[in-house]
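Colleague: Below, each chain spelled out in residue letters.
Number of protein chains: 2
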Amino acid sequence: MPRRRLLAGAGAALGAGALAVGSARAAGETAPPGAVRYDVPDDPTKIPGRPLLEDGGYGTRSQFETEVRVKAPNPTDITSWTFTPLASQIGNLTPSGLHFERHHGGIPTIDPARHELILHGLVDTAKKFTVADLKRMPSVTRKHFIECSGNTLYEWAKPTAKSVQVSHGLLSTSEWTGVLFSTLAREVGLKENALWVLAEGADAAVMTRSVPIEKLLSDGMIAYGQNGEALRPEQGYPLRLLLPGYEGNTHIKWLRRLQVSDRPFMTREETSKYSDLMPDGRAKLFTLQMDAKSVITFPSVGMMLPKPGRYEIRGIAWSGRGRVQTVEVSIDGGKSWSPANIENAPEPMCTVRFNLPWVWDGRPATLQSRCTDETGAVQPTYQDLVRRRGLNSVYHYNAIQSWAVAADGGISNVHA
Amino acid sequence: MPRRRLLAGAGAALGAGALAVGSARAAGETAPPGAVRYDVPDDPTKIPGRPLLEDGGYGTRSQFETEVRVKAPNPTDITSWTFTPLASQIGNLTPSGLHFERHHGGIPTIDPARHELILHGLVDTAKKFTVADLKRMPSVTRKHFIECSGNTLYEWAKPTAKSVQVSHGLLSTSEWTGVLFSTLAREVGLKENALWVLAEGADAAVMTRSVPIEKLLSDGMIAYGQNGEALRPEQGYPLRLLLPGYEGNTHIKWLRRLQVSDRPFMTREETSKYSDLMPDGRAKLFTLQMDAKSVITFPSVGMMLPKPGRYEIRGIAWSGRGRVQTVEVSIDGGKSWSPANIENAPEPMCTVRFNLPWVWDGRPATLQSRCTDETGAVQPTYQDLVRRRGLNSVYHYNAIQSWAVAADGGISNVHA
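Same order as they appear, the protein sequences are chains S and U. Per the numbering used here, the first sequence starts with residue 67, numbered consecutively. Per the numbering used here, the second sequence starts with residue 67, numbered consecutively.
The set of hints was computed from the structure by calculation and includes no laboratory data. Hints should not be assumed to be uniformly reliable.
To spell it out: a stretch of chain U is covered by chain S in this simulated footprint if at least three of its residues, at any positions, have a beta carbon under 8 Å from a beta carbon of chain S; those stretches are [unchecked claim]:
#1 107-116
#2 200-208
#3 269-277
#4 282-290
#5 445-454
Here the structure is a predicted model, which means the values were calculated and not measured. We put the CB at the ideal spot given by N, CA and C, even for glycine.
Generate coordinates for the entire structure from the input sequences, incorporating the hints supplied.
Modeller: Take a look at the structure:
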C-alpha cells in the first residue's frame, strides 16, 4: 500500500510494530519524546491511514506535540527535579508522562511481585502487605494535586524564572487510586499512644518522613493507581503514600514501610531540609500543608502578545487546605480585581482552572491572580509574604505572581 | 556508576536518552509496548536509580505493566477496532494509550497547523476555524465515556467473548477539553430552519454522520484535549466531535467540516451501517443514545478464583442518558439483588466504578450487575432485550451480563 512511510532516518531499522522513537533519536532526528514520526500527507483523505496496533497496543502522542519536562539547572541527574510544562497543559489533569519529578537517589526499578509494605510499631499486630493484597482491599479514587514545597523557590529574592514551567511547574494533578490508611489501621489495630508515622521509600535515598497520624487517618492513601493505570515509575511504582494537600516530599514514593510511633522521627528531610528558616534565625518544622496559591499560565513570562485585542487570561489555582473558593484577576498590578470564571467544580486539595476575558488596549499592564480557599486563606502579595517570612526561606513560597505586559506585547516576570 | 543496565538485547544500540522499546522489540525481546526495560536490582536501596530525563522528558509506564489493546478478529488492519483492557483498569479514567479504537480507514497523520474546521450551510456567515482559533475560544473540561454502539455485539445469539476486554472493551472514559458547539453557533449565526448537522472527518473513510442540532447545542463539543494533553492520534488529533452519551461512531474524529441543514444527510454510516434491524425486518435509524449498562470486571470470564473466601466484586456502570443512579449486584443469577457501593460521584454520561464485598462459599454462583440511570431506565435481562429487539441487531446490546462461577473457581460467560 502506497500510504505512508516513516520519516527519513527513522524507518530503516524498524520492523512492523516497532516504535520509531529510539532509532529516530539515535539517528539525530528531532522526534519529540513519546511520539512516533510519520510522513504527513497533503490530503489525509486520499491515502489510507496507518494500521491499528502498529504501536504495539499502547498508544503514544502525536509527533506534533513536543512539550516535555525540563530539569532544574543543578549538577546531578540523580538528585534533581523536573518541571511540568504548565503553559501547554489542557484541562485539569497532568498527563502522567509530564508529571513533575523530585528524586533524591534516581528512579528505582521495582518488581511489584517482590515488593511489600510493612506496617509496624505501635500496633497490635504488625503486618506485611503485598501489592496484590492491597489491590484486593476496598479502594478509593480521588483527584488531587501534588505540589513540591520547593515550587517557585527561585522567586524569593527577585523575579528569576523565565517560564511558568520553571516558576510554578513543580505542581501536577492526577486521579489517584488506592487503599486508605484507615483501612490498613483497622487491620493492624493502633495503640492508644499512636501519634506519628514514619513513611519510608525503597529508593537509593531511603527517603523518610514523619506524618501526624490524624492526617493519615483522615485521608492518607496508599496509592497504586494514577490516571487509570498503575503509578508511573517516577511517581513511586508500585506504591506511593498520598497525603492530599501536604508538601510533595511527604508523599513517599516506592513506599515500603510505615512505622507507628508516639513522636516524630526527626529525619534529615524534616530537620536539615524541608524546614522554614524564619527572619529571627529559627526554623519552623513540619509546615506540611501547602497554602492557597494560583498562577496565570496564559499569558506568562516568555510569551509575546502579537497585537492589542481580545484575549482570555487563563491559569491554575489550588490550596492544600481544602477547595478553591474564588480566584480573582488583576490587570493593574493589584489595584483592582475581577472575579475569574472557574472552569471545573472545585474538589478538595485539587487544582481548578480559571479564566477571564480581557481586551488588551496595547498599553503596559501587570497581570496577577489571587486564590482564596474555603478556609478563608487568601494568597498573599509578595510584600506581605516577605514581611511575614523574611528572605531566609526556601520552601512554601505562595505569593501572588506578577507578569508585566510591555507595549510591544512581551511578557516579563516582575515583583509588582 | 555500577547501577543498572538495560536488559540483554536492548542495550547495545542505544545512546543516552533513547527509548529501548523499538530496539528491544526488533531484537525479539518481550518488552511491553509503552515501557522501557531496566535491570531489576535485588535491593533498590543499595544502588542509585536511573537518572532523570533518560526517557527524554515524556515518561513511559513500568516494564511490569503489560496490558494492551487487542484487535478484533477481522481480516483488515485498517478498518477494524481494538478493545480497552477493562479488567486491569484502575480508577475511573482510561489511560489515553489504552482507549478503545474504531477506524474505518486507518489513523491519519495530520499537521494541526494546516488543519481547519469549516462551519457552513444554514448559517448567516460560514466560517473556517484553525486549531489555534479554537484553542483561544472559551473552553470547557468534562469527563465522559465513549462507547461504540457495537460494544458487546458478539453476545446476541450466544455467549461468546472469552474476556471482559472483548465483551465490553469498546468503552473508555476520558477528561475531554474543547469548545462547545453553541459557542461556534453564536459566531456564525444559525438560520431558523437549522435542524441537523453533518459532521465530516479528514480520514481516508471521510467518515460522515448527521447529528440533531438540539444535541449539538445542548452539550456538543469540538474537543482538542484528552486527559490533560492534546487528543491522541487514534482519537481524532487534532479535533474530534464529542457528543456525550451518543454512540461512538457519531463522535467524528479528525473533524474538518460541519454542515448545517434542515434534514439528516442519510449517509452510508447511518443507513446501511449503525442502524438497528428489528424482528419485523424494518430498521430503526438514528438510535443515537447509548443505554443504561454495566458489567462486572472482577471476577469475569477467563479468570479463576483460587479458593473460597472473601472477595470484592468490582465493575463499571454507565448510561448515555444521564448520571448512573444505582447499581445492583446479584450472585444468584438475578433471583435477588444487593445495592453496590458506587466509588465515585456520578457525572452525566460518565462511567462509575462499583463494588460489593462477597464471601464465596465454594458453590457455583452466577454473578450479574444491573444499572439504573437518573431517567429511571433499567438495564434489561438478556431475555427482555431479545424479546423486544429480536436477534437481527448488531448494535446497542445492553443486556445484563452473567458470569458463572464454577465449583473449581473458573469463570465462564453464560446467558443466565
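Colleague: Examine the region 200-208 of chain U for residues whose CB is less than 8 Å from any CB of chain S, and state whether their number is three or more.
Modeller: holds (count 6)
Colleague: Go check the region 445-454 of chain U versus chain S for me, would you? Three or more residues, Cβ under 8 Å, otherwise it fails.
Modeller: Violated: only 0 residues of the region 445-454 of chain U have a Cβ under 8 Å from chain S.
Colleague: Does the region 282-290 of chain U contain three or more residues whose Cβ lies closer than 8 Å to a Cβ of chain S?
Modeller: That given contact is violated, which follows from only 1 residues of the region 282-290 of chain U lying within Cβ reach (below 8 Å) of chain S.
Colleague: Examine the region 107-116 of chain U: at least three residues should have C-beta closer than 8 Å to a C-beta of chain S.
Modeller: holds (count 8)
Colleague: Given that the region 269-277 of chain U was listed as covered by chain S, double-check it with a C-beta distance under 8 Å for 3 or more residues.
Modeller: Check passed, 3 qualifying residues.
Hint check: violations occur at hints 4 and 5; the rest are consistent with the structure.
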